[in-house]
Every structure is written in structure tokens, then in C-alpha cells.
Amino acid sequence: MANIAALRIQREFKEVIRSEEVAKCAIKVELVNDSFTELKGEIAGPPDTPYEGGNFVLEIKVPETYPFNPPKVRFITKIWHPNISSVTGAICLDILKDQWAAAMTLRTVLLSLQALLSAAEPDDPQDAVVARQYKEHPEMFRQTAKHWTYVYAGGPAKMPDLDDKIRRLTDMGIEEHNARVALSSYNWDLERATEQLFS
Amino acid sequence: MTTEEYDTEMDYSDSDCGDPGYEDYYNVHPWDGEGDNDIDNDQSRRDPEYAVYDCLRIEEVERLLNEDVESLSNSLHITPSLAKVLLHAHNWALQDIIAKYRTNASSLLINSKIKPLPPLDSLSGLKSQRNGLCSVCVAIQSAEKFSTLTCGHSFCKDCWCMHFEVQISQGISTGISCMAQDCNVLAPEDFVLSLLTKPNMRERYQQFAFCDYVKSHPQLRFCPGPNCQMIMRSKEQRAKRVMCSSCKTVFCFRCGIDYHAPTDCNTMKKWLTKCADDSETANYISAHTKDCPKCHICIEKNGGCNHMQCYNCKYDFCWMCLGDWKAHGSEYYVCSRYKENPNIAHESVLAQAREALKKYLHYYERWENHSKSLKLEEQTLEAIKMQINKKVMNYSGTWIDWQHLFAAASLLTRCRYTLQYTYPYAYYMEPGPRKELFEYQQAQLEAEIEDLSWKIEHAETTNRGDLENQMDIAEKRRVTLLKDFLEKNSRRKEEGRGERERENISEK
Ligand SMILES: [Zn+2]
Ligand SMILES: [Zn+2]
Ligand SMILES: [Zn+2]
Ligand SMILES: [Zn+2]
Ligand SMILES: [Zn+2]
Ligand SMILES: [Zn+2]
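Quick note, the sequences are listed as chains A and B, same order.
With full-length UniProt numbering applied, the first sequence covers 1 to 199.
With full-length UniProt numbering applied, the second sequence covers 1 to 508.
Keep in mind the hints are simulated off the structure, nothing from the lab.
The reader is advised that the hints may include incorrect statements.
As the list claims (entries may be wrong) - Covered stretches of chain B, as calculated for chain A (at least 3 residues, CB under 8 Å):
hint, segment
1, 135-147
2, 156-164
3, 180-191
We put the CB at the ideal spot given by N, CA and C, even for glycine.
Could you build the full structure based on these sequences and the hints that come with them?
Below, the structure written as C-alpha cells:
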């Protein structure tokens with residue numbers, strides 16, 4: 001079985017490298033070791049989304065039973081998205097679970113993840129806090145996702161007012177990322193974020 | 001669960017000491033389905049808990065299922081394997097399936113994932129074995145090495161086999177589908193078994209498939225007893241009390257957990273989840289207590305004031321930020337707000353949480369308490385059984401003289417059991433006259449039960465007539481509570497059937 005996994009990954013690796021998406025810098029895949037059991041993926045934030053301009057790194061682990069079982073994929077780059085955990089990077093996507101088919105490839109996975117960034121599914125959330133914001137405060141969600149893209153994925157949009165609020169908390173001795181998480185979770189309500197951090 | 005109790009009950013009804021009088025008493029309120037045929041309709045009408053069911057072995061159920069499979073396969077002229085897929089997909093509603101097939105066979109086959117969704121994606125079908133290349137293992141192989149389902153997606157036999165093995169090792173059997181992307185066509189049993197070679201894998205596949213068939217069959221329910229292989233069959237499909245004839249486990253036929261009348265299955269599930277995570281208690285604790293920042297002792301907040309003083313080390317601190325109170329004043333923008341203007345909305349949330357908790361604890365404590373009493377009274381039952389045995393052995397009377405005590409103790413258990421399960425029901429009831437009536441009846445049952453319990457504990461001095469009178473009253477109260485529920489429950493059953501059908505439709 002392991003033999004099929006290695007053969008498939010070698011072939012798929014080439015498929016991704018040769019694909020038109022790579023030519024357009026939309027997806028990318030690199031080997032982490034030479035046993036083909038782990039890869040590093042990269043997807044570009046799709047245009048007209050808060051992730052535009054960002055570059056998101058993925059950890060891809062290939063199980064021995066690949067392709068009969070799906071690869072294990074998570075975001076290394078921190079991201080604010082209803083279907084991706086803002087803490088662990090774990091992804092809630094059907095094709096990485098029960099909707100996986102042995103005939104799917106790494107390229108399908110990367111393109112599906114990119115599609116997920118374009119069209120979130122808040123009714124099947126991985127991160128309940130993000131999903132609630134997405135539904136109840138869509139504009140707040142866009143701002144937050146854009147801000148995270150800027151900070152963690154090299155996105156273009158700097159947001160001074162949000163940075164300001166974070167500084168208020170870091171001045172009080174809160175670690176920057178924790179401050180960002182608290183503020184993001186409380187729709188940038190400084191008061192409630194503070195309350196949560198200190199309780 | 002209280003299996004032992006019923007166990008002993010069984011022992012007694014089986015034993016030769018069961019004289020006619022004893023049997024008569026017991027049959028007035030048959031506690032289990034044994035001897036269904038002997039009990040006439042009149043009695044089943046009188047006893048709201050009366051349930052008709054069979055306790056079957058695997059082979060018997062296999063035979064039953066195969067009858068349906070054969071019957072469907074004959075009337076539609078399809079393979080038994082496809083008949084199984086259809087029956088499993090439609091909860092074994094044989095006549096329903098035949099009717100649907102006659103109206104629109106193709107739509108039925110598509111909905112049951114036997115045929116692919118139109119338009120048939122012939123392109124990817126070809127693609128999956130372009131030039132003899134299997135797209136899964138990326139190896140080139142000769143044409144006879146390939147197999148395909150009705151969708152036309154072709155993969156090599158080794159890959160199919162590997163696919164099946166991986167799925168089966170994850171407990172999947174009837175749900176194994178095609179390996180192509182976006183294809184949901186299911187692999188029927190004959191296809192799987194024709195490609196699966198390892199004997200142990202074939203065996204596991206068949207075991208899992210059988211489990212799936214039983215679980216999809218509304219008239220069948222696995223016995224939840226540990227390592228028990230028996231299967232209950234009831235045409236009623238209701239939340240009734242059934243007992244496994246093999247391991248004596250007693251459970252609710254509809255949901256398979258401990259029998260729970262008068263609470264319905266869904267409410268019971270909600271209640272048990274609630275008790276398990278006990279989240280309200282946790283919320284209460286976190287909302288009302290914090291650790292002292294200096295000596296780390298647990299402090300409860302008792303007023304609206306945020307200026308706290310630790311009762312242990314006398315440290316003055318701020319409830320909001322746990323900072324030194326002396327440093328407070330103007331520097332901490334957030335805390336000063338709380339100090340000047342205690343957050344009323346926040347407080348009212350706390351007040352609400354407190355109310356919710358109080359309500360939950362009220363019902364939970366009673367639920368727990370009766371559960372504990374039930375366990376104690378099981379011991380009493382055991383003790384009485386031993387006492388009677390001893391008396392009979394010493395020729396101080398026969399079973400006839402003492403059996404009323406044993407009957408009283410079993411009846412007490414039964415009443416207590418029902419009473420315990422009235423609490424989850426009451427907890428979720430909407431306030432109003434119905435709830436008031438229910439809680440009134442509940443209180444009455446509770447009073448009679450405590451009276452009965454006292455009389456049994458003081459059996460030596462209790463007059464037999466008194467005791468039997470008390471038994472009669474308690475059982476009447478119990479039946480009153482149950483009747484209301486079981487009648488409502490049977491009305492719901494009709495609604496429930498509609499629900500199941502809607503679920504099937506939405507699955508498609
Ligand atoms: Zn193959
Ligand atoms: Zn297919
Ligand atoms: Zn059993
Ligand atoms: Zn139930
Ligand atoms: Zn202290
Ligand atoms: Zn403070």
C-alpha cells in the first residue's frame with residue numbers, strides 16, 4: 001500500500017508542478033522529505049476575498065493508505081475563516097473527510113481549499129466564533145480576515161485602527177497574538193476583549 | 001441499569017414456588033413481554049406499558065431480512081444484492097419501494113445510489129482507465145484487470161479491493177461508494193464480495209452490513225446489553241419497555257437506552273447530555289468564583305461591588321482585572337467604568353444563569369435522589385428474598401404467606417423507577433396548567449411511594465391488608481402518570497412516521 005502512496009504522490013507532485021495554476025502562482029507544492037510522506041503546500045488568497053494578496057502555507061501529511069484515505073491537511077499560516085480553526089489551522093472540508101475519493105489528487109485538494117477561501121460554509125463551521133461573526137457581522141468579519149491576512153500571510157491591507165486597539169492591550173502586557181484573538185473574537189470591542197483576557 | 005432486579009423477578013416467576021395467587025397478581029400488570037399470547041387484549045388495554053415484541057437471534061433476523069430481500073428481488077426482477085441496497089436505503093419499506101419502482105424506476109435507482117446522477121459523466125469514466133492506466137494506482141494494466149460499477153468509472157481490481165479493505169477497516173460496509181470524484185454510486189454486496197479476497201475481510205464486511213440492515217429497520221433493535229447478540233423486533237416501534245430474554249437487559253425499544261417513560265426519547269437524550277456535561281454548574285462556578293491573585297484561594301463574588309477583599313490573606317483586588325485595588329482609580333480605563341457603573345446587562349445575565357441553574361438543580365437533585373433510593377431498594381428486595389427463603393426453609397410459613405412482601409418490594413421498585421423518569425419530563429415541560437397537573441400527580445405518586453417504602457421497611461409490623469392497599473394506590477398513581485404520556489406518545493408515533501419519510505427525502 002505504501003508503494004501506491006509513494007507512486008501516486010510522485011506523480012501528483014509533477015502534476016501540480018506542471019499545472020497551469022502553478023504558472024499563475026495560485027498553488028504550489030514542495031517536498032518536505034524524500035519519502036513523500038509529508039509535503040508543504042501553498043495557496044494564494046483568491047481575488048475579491050479578504051484573503052487576496054495573502055499566501056497561505058499548508059501542512060500536508062500523506063497516510064500510508066493514500067489514496068484510499070485522504071491526506072491530512074492543515075493551515076500553518078494563521079487565518080480567520082469559518083471553516084478553519086483560528087487556533088490549530090484544522091480544516092472542515094468534506095473532501096478531506098467522508099467525501100474523499102481515491103481518484104482525487106493533491107491538485108484537487110489545493111484547488112478545493114482555494115475555493116473554500118472564496119466561499120465559506122458558515123453552517124458547517126470549524127471555528128464557531130468566526131462563523132458567528134461571519135453570519136452576524138459580515139463587514140466586521142471581512143475587516144478581521146483582511147487584517148489577519150496582512151499580519152500572517154503578507155497581505156496588502158494595513159489597518160491602523162485595528163493595530164491601535166491591539167497596542168492598547170499589548171501595552172497592558174498582553175501578548176500580541178492573544179490580544180488579536182481576543183479582539184477579533186469580540187468584534188474589536190476593546191472593553192469586552194479586555195474583560196475576557198483578564199477573567 | 002437495574003437488570004438484577006428484573007432478573008430476580010424472573011427467577012421467581014420461573015421457580016416452583018410461584019403459586020397461582022402470586023402469578024395472578026403479577027399478570028395484572030405484566031412487566032415484560034414474555035407470554036404475550038397468554039395475556040388477553042383486555043389486559044393490554046388496562047396496562048399502558050404492555051408491549052408486543054419478540055427477542056430474536058441473529059440467524060432468525062437474517063432469515064426475516066432475507067425473506068424481504070427475496071420478495072423484492074422477485075417482484076422487481078433485480079439481483080438480491082440490489083434489493084438489499086434498495087431496502088437499506090428505504091428503511092425496509094418493501095411495498096413502498098415496489099410502488100416507487102412502478103411509478104419511476106430510474107428516479108428510485110438514482111435516489112438509492114444504484115445508478116449515477118444524470119448526466120452520466122462518461123468522460124471521467126473513460127479518463128479513469130485511459131490507455132489501460134488505473135487512475136488510482138497509476139499503473140498500466142490489461143483490460144480484464146478492470147472492474148466498474150453502473151457509473152462506468154473503471155478502476156483496477158486490486159485498487160477496488162484495497163478501497164474495500166480500507167473502508168471495511170473503518171467500519172463502513174453498505175456505505176462504500178465508487179472511487180471516482182463526485183460519484184456517489186454505492187458498491188452493492190455482490191460487487192464487493194466478488195473482489196474482496198481475504199476471508200476475514202469478507203466476514204467483517206458481512207457483519208457490518210448486517211448491523212447496518214438491522215439499524216435501518218424500524219422494527220428491529222439490537223439489545224444494548226454488553227456482548228449481547230440478541231435483536232428485538234416490535235411492529236409497534238414505540239418507546240416501550242422491552243427486556244432481552246437472553247441477558248435480561250431492560251430498555252426502551254425506540255431508542256435503546258434505559259426505559260424512560262413518561263419522558264420521551266428525544267427529551268431523555270437532551271436530559272442525559274445535560275447531566276453529563278453539567279455545563280450550567282460549571283458556568284455558575286466560573287461566573288461566581290475566582291482565585292485570589294495572591295494566595296490562590298477560591299473566592300466567591302457575593303455582591304455587585306468589584307472591590308474584593310480576600311477572606312484568607314486580606315489582599316484587596318479588583319474583580320474585573322484581578323489587579324491591586326490600590327492602583328485603581330484612573331489608570332485602568334476598563335475597570336473604572338465597572339467601578340462607576342456596574343454593568344447591569346452583565347449582572348442580569350448572571351441572574352438569569354442563576355435562575356436556570358436553580359431550576360436544573362431542583363429537577364436534577366430529585367432525579368439523582370430517586371436513582372439512589374432505587375439502588376437501596378434493590379438491596380431491600382434482595383434482603384426480602386433471602387428472608388422469605390429462610391422462613392420457608394425453617395417451615396415458618398410457605399411462599400403463599402410471604403410472597404406479598406416480595407410483590408410489594410418489586411412494585412415499589414417499579415413505581416420508583418417511573419417516578420425517577422418523571423423529572424426529566426417535568427424539567428422540559430412548558431409552564432402552564434398541564435405542567436401543574438403533571439407535577440401535582442407526580443407529587444401524589446411521590447407521597448404514596450414514600451409511604452409504601454416505609455411500610456415495606458417496617459414489614460414485620462405492617463398489616464398485610466394495609467400493605468396491599470398501599471400497593472394498589474401507588475400503582476394506580478403510576479399508571480395515571482404513564483397513561484397520559486403513552487397515549488400522547490402513540491399520537492406522536494404517527495407524526496414521527498411522517499418525519500422519517502421527510503428525512504429520507506432530504507437525504508436524496
Ligand atoms: Zn489501480
Ligand atoms: Zn463512479
Ligand atoms: Zn441482551
Ligand atoms: Zn426511548
Ligand atoms: Zn488571598
Ligand atoms: Zn480592575
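Status of each hint after checking the structure:
no.	hint	verdict
1	135-147	holds (count 5)
2	156-164	holds (count 3)
3	180-191	holds (count 4)
Hint violations for this structure: none, all hints satisfied.
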